[in-house]
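Place chain B with the ligand on chain A using the hints.
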Amino acid sequence: MGRVGIVGIGQTQFRSKREDVNSVELVNEAVRAALADAQLTIKDIDAIIIGNMEHFESINYSEMWTIDGSGGYMKPVMKITTGGTTGSTIACAGFYQVSSGMFDRVLVIGWEHLSESDTTGAIASCSDPIWERSVMAGAVGPLAIVASEYMRIHGTTEEDAARVAVQAHKNALNNPYAHLHLDITVDDVLNSAMLSYPMKLLDMCPTSDGACAMVFAEDKSAREITDNVAWVKSVATRHDTAFFGDGGLKHGDKLRSLYLATEEAYTRAGIKNPFKELDVIEMYEPSSWSALTWVDSLHICEPGEAPKLFEEGVLSMKGELPLNPSGGVISTNPIGATGAVRVAEAALQIRGMADRRQVPDVELAMATGFGGSGWSDVMILER
Amino acid sequence: MVGAKVGVTSGRAKQEFNDELLRITMMVDIPYNFSAGTFGSIFFRELKDSRRIMGIKCNKCGEIFVPPRVLCPECLVELSIDDCIEVSSEGTVEGFTVVNFPFIDPNTGKVRNYPYGTGNIKLDGVSNLLWHFLKESDYSKIHNGMRVRAVFEDKRVGLPSDIRYFETIEGEGEK
Ligand SMILES: [Zn+2]
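Line by line, the protein sequences are chains A and B. The first sequence: position 120 = 120 (the working numbering), numbered continuously. If you count the second sequence from 1, you need to add 1000 to reach the working numbering.
Just so you know, these hints were derived from the structure itself, not from any lab. Treat the hints with caution; some may be incorrect.
To be verified - A partial selection of chain B residues facing chain A, derived with a Cβ cut-off under 10 Å: (1) M1026; (2) S1035; (3) L1079; (4) P1115; (5) G1119; (6) W1131.
To be verified - Distance condition first, Cα-Cα at most 35 Å in a straight line; then the derived DSBU-like pairs of lysine-lysine: (7) A/K308 to A/K276; (8) B/K1110 to A/K79; (9) A/K17 to B/K1110.
Said to hold, decoys possible - Label-pair distances were calculated between CB atoms; the ranges are: (10) A/K318 to B/T1108: 43 to 53 Å; (11) B/E1063 to A/W231: 38 to 48 Å; (12) B/S1080 to A/P129: 16 to 26 Å; (13) A/S16 to B/G1109: 16 to 26 Å; (14) A/M102 to B/R1051: 51 to 61 Å.
A virtual CB, placed ideally from N, CA and C, is assigned to each residue, including glycine.
Only chain B is shown next, with the shape it has when bound in the complex:
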């Protein structure tokens, strides 16, 4: 029972006990099966079969969002599969970084490869940003406003990684 007047281990006793403290290591390997949902299934099927990036156009405000989703985040209107449209696979970098430190990738349980370039990409005609990988991993060669295009994997499996990364379109975009 806790309480201001109840003591546990005294400072001195605790100090002497410090050498005895244990730390117990465990590795866990837990499989997950995530549902892509109605709109996700459309997105990944189109990406895999036709190298098309699908978005959704709100039938009220007309804004276009990637990935497609059930609700317009701006006006909260319910959207349907009929509102799904193909969007451009080219766009502009609007925020970037080059991740340059090791950490455990929660998708694999292993240390993720680094360094890697990543950024928020404003696909042409789309209202929001798509967060994805950049081909370039030297930060001195990336800038906001840079034009990029999607590079698709030859063997696609229906995952965001079917877009391998976005590569720089040389000669385009503001400096």
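Only chain A is shown next, with the shape it has when bound in the complex:
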């Protein structure tokens, strides 16, 4: 199997309401940007993968609806719908399709127009209709439950979490695509509305409209397109069981699927010391509390050490291992695109194209995705 690389990246402006476009136009905005970056036209694309959580817009067959925006007319088109991981799964699928040898250039697109419905209500409908839907309160409720466990296990404070949110929003100030540009303090977070104890408004990600597209290409084709390729080094995915009470998400000490997926991705990539070897991480962290629990799941520290890493600035832009220079999910969350943005931002870091949010000399970058009742995707990129 030859190498596979990312040669084109396009993001829309992410906003709470993109009323200036319908979903087709939204998708098209990202597609144009990705093709322009790769200096390709849609004629050069062999296959298309489109990711979206259809119940947010209440449209079935979103791959059919958006065909004029995606450019999929008379091409092989496949839709992917895996919850929060949708955007990272389309990246994995782009890698799989090119790796298979079937296609040289695959365009992957993740998008969401969350302002068109009630996001928390729509997320609640992801849980089993009979068993868990009546208690499910979108993403906020279950993530708050995990947060309460993390507090109990590790003695973590609300200030520890607030510090994470402040760092994310500070980083987002350097990202022109980010939805929220908030210059805030720890006190601002602590004084924001209590959504679901211990989760406060500024601990939690927003709901955003937007799209992200990338072009994956096989070795020779990629090198013909550009000499600045973000090569895929390894990929791993783990899915958990259906019920929230079963395991994955419930453990406040770590996210089991992320712990196992990163372990596999490191092994495949020959990474022995991820803390030392990785130059930057774009982690899917829908809340400050999730960032704490899940940093503990990346094999870069001992369980319970995440708050210390944030407090000491180890994961800041100037730290040893910057986390989410983009501002992460805490600043931008267009659900079907969110995981794709993680991969795209990691690829921009590898290609040295991240402008004011660029980490110097990035050779190895990791992106993660989170969804469902505790699923994880991991993609490691190299220069």
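For chain B with the ligand alone, kept in the frame of chain A given last:
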């Protein structure tokens, strides 16, 4: 047709057009009929008729799960209705929150009542957690490790809400 070299609306024209943009509101009311399945039917019948909470004991690893299901999530062994057993209606809170914001309940299409306490409950003897409502909705009065018992509705219809909520067992449990 999309492509890097094809332009649509120019920035200026688009700006002038912004006042003309429409947003169209629709309300939908769609009925659903969900199948409870073999194991769900056992669970809800026992809950409704006998106020019993049913779980399933894996015939290989011996772990007990609520609700009962066709496959052991740990060893992937196929389970049968003969593996269903009654479990305790008392347990320990192992994670909680108090939901304190409005959103549309996908079960009803209406805004769900709030605030409400909810948590992962480890029923005594059971291996996994049951996610359900707590009677208490003041988060300063809830803590992990707190002992709780199920309170059943007098009129039960065969739904998870037949367990109205879990109430605090005073004087029990670690602080
Ligand atoms: Zn078993």
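Checked hints:
Interface hint at B/M1026: satisfied, since its Cβ lies 8 Å from the closest Cβ of chain A, which is below the 10 Å cut-off. Interface hint at B/S1035: satisfied, since its Cβ lies 9 Å from the closest Cβ of chain A, which is below the 10 Å cut-off. For B/L1079, the interface hint is violated, the least distance from its beta-carbon to any beta-carbon of chain A being 14 Å, above 10 Å. Taking 10 Å as the C-beta contact cut-off toward chain A, the hint placing B/P1115 at the interface holds, the least distance being around 9 Å.
For the restraint placing B/G1119 at the interface with chain A, the shortest Cβ-Cβ distance is roughly 7 Å, inside the 10 Å limit, so the hint holds. About 5 Å separates the beta-carbon of B/W1131 from the nearest beta-carbon of chain A, less than 10 Å, and the hint is met. The suggested pairing of A/K308 with A/K276 holds, with an alpha-carbon distance near 17 Å, which does not exceed 35 Å. A distance of roughly 30 Å separates the Cα atoms of B/K1110 and A/K79; the hinted pair therefore holds under the 35 Å criterion.
Restraint check for A/K17 and B/K1110: satisfied, since their Cα atoms lie roughly 23 Å apart, inside the 35 Å limit. Taking 43 to 53 Å as the suggested C-beta distance range, the pair A/K318 and B/T1108 conforms, at roughly 49 Å. Between B/E1063 and A/W231, the C-beta spacing of about 43 Å keeps the proposed range 38 to 48 Å intact. About 24 Å separates the C-beta atoms of B/S1080 and A/P129, a value consistent with the hinted range of 16 to 26 Å.
Checked against the hint of 16 to 26 Å, the C-beta distance between A/S16 and B/G1109 comes to roughly 23 Å, which is consistent with it. Range check, A/M102 to B/R1051: Cβ separation about 57 Å, and the 51 to 61 Å hint holds.
Violated hint for the displayed structure: number 3, the only one.
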